[in-house]
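Residue numbers (this note's numbering), protein chains in the order written: chain A, 1 to 109; chain B, 1001 to 1453.
Quick caveat, the hints were computed from the structure, so don't treat them as lab data.
Keep in mind it's a predicted model, so treat the numbers as computed, not measured.
Check each hint, because a few of them may be wrong.
Covered by chain A, per the in silico footprint, the following chain B stretches (three or more residues, Cβ under 8 Å) [as the list claims (entries may be wrong)]:
1) 1321 to 1335
2) 1365 to 1378
3) 1391 to 1401
Glycine residues also receive a C-beta, built at the ideal position from the N, C-alpha and C atoms.
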Amino acid sequence: MKIQLAEIAHARSGDKGDTGNVGVIALRESYYPLLVKYLTVERVKLHFSGICLGKIERYELPNLGALNFLLHQSLGGGGTRSLKNDAQGKTLSSVMLRMELDITESISL
Amino acid sequence: MKQSIRIASGQGFWGDLQSAPIDQVRNGPIDYMVMDYLAEVTMSILQKQKMRDPKLGYAKDLVPLFEKILPDIVINDIRVITNGGGVNPIACRDAIFAVADRLGFKKLKIGVVYGDDILDKLETLTGQGVNFENTETKEQLSSVRSKIISANVYFGAFPIVEALKQGAQIVITGRTTDTGLTLAPMIYEYGWTNDDWNRLAAGTVAGHILECGGQASGGNFSAGWRSVPDMAHIGFPIAEAYPDGRVVITKHEKTGGRVSSATVKEQLLYEIGNPREYITPDCVADFTSIQLKDIGINRVEVSGVRGYPATDFYKVSMSYFDGYTAFGTLTYAWPDALEKASKADEILRIRLSDLGLKFEEIRTEFLGYNSCFGPLADHSEAMNEVVLRVGVRSQDQGAVEQFSRSIAPLILTGPPSVTGFAGGRPRPSEVIAYWPALIPKSSAASHVVVETN
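Put together the whole structure using the sequences plus the hints.
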């Protein structure tokens, strides 16, 4: 079935220099394995192409049902150098949650 | 030993909700209030203010704030800890002493933590072999050395603990970690040792939850923001800390906002890197060990935190001058709003080029269309309006000023149906760039002084 990430997760994002961080949290405990399975570095890289120009790192926090992504070179140089409206990556969480996923599991949302 | 202490967050950044610290001391019982004022670029702004006037260089908001809350904190014996001392914590203390004198409060004890400002010592330190390599880009300091405006070491909780031991009711620091402000009272009250890594990590995690104020209690919350009650009167978070390292995150009753495991989770994930290695001067906290539990309305228990030995380094935050920027905006209306805004951008760029101006970067974004979503933006022909936003950066102030003069002419000499230039020419501003580095702990020393008015 096709779902939007926003249907199974919430998120918060911020900056560290030119790197954006996006924390993605499962809305229900049972959704966490879906995040682990479908939110691969490759999938996220594809989704953020044109926004994230560097590498992407993924960390798992099973205790919080969450993943943390580091999106390098995403903020136009970062800090006060950046000419982006969202120089601090505050809305990268929205960009992430808009992702469409095609999952083989059947879940009731 | 107290069975628990309540540590309240009063400010998440300089410019945060002004009523929050007043509400925290008046709306319910607390033992401590912590206020974080220092973002990475804040130190450079304060350093510039101090250069113009040696009595400035701290968060000036603290003076009118203490005029309001000093009676409350003295009567209720609340201790206040803040890093709002910026690059001049002694002057900040003296300004608060003056408030105490005016209000008739005698024998107020204020502690000051300083020694973090190493701007004057950079020459000596580099001579001693501290290279201050940029931890993000790996560049050498020599490339920006002549342009450095500020250089500050991030101290942790222990200098604050020393000030509390000496009886300070208010502790004012320079560059102290946000988390150290919250951890310090726990160490002081419960006698935690400097190698009690699990408890130090537990207090550090509590500090991370509190450091952005209302962002832990329902602000900027993406899992159902509509259901957050009375955001207008949001209650800032409070950490109820226990001797064993267990912490309950809560807020005052009858305030707005919400504290739930979901709001706390979002804040825990805010601006972190590798969750297994959350590094502070006090310890290394493992965020994958944190256990959260909703134990009541607006009460979340945080437990199980594991910590590891601190590293041998302090983080150093430097800032340097790096040219000028300016931003111009114009609003284009239907029909063909986006197409017209794009055309205006094209015309602007031709004119800048005709003037022979060189910029390090020119960036165009269309607010209402792609400033957040970039290439993912969904184009709709029916777009009502769009804001063209063009930013430039250059080492040449003159070039940036000429850019500023090139925006308004687009209104009468470009595509039609354009507005939104009431603010006049955009003002060029200086770019103060950020240089993160490390310094061995043995090369930096904090100083603590506690005095009475």
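Verification of the supplied hints:
Judged by the Cβ-Cβ criterion of 8 Å, the stretch 1321 to 1335 of chain B is covered by chain A as claimed, because 3 of its residues qualify and three suffice. Counting residues of the stretch 1365 to 1378 of chain B whose beta carbon lies closer than 8 Å to any beta carbon of chain A gives 8, which reaches the threshold of three, so the coverage claim holds. Three residues within the 8 Å Cβ limit are the bar, and the stretch 1391 to 1401 of chain B against chain A gives 3, so the coverage statement holds.
The structure agrees with every numbered hint stated previously.
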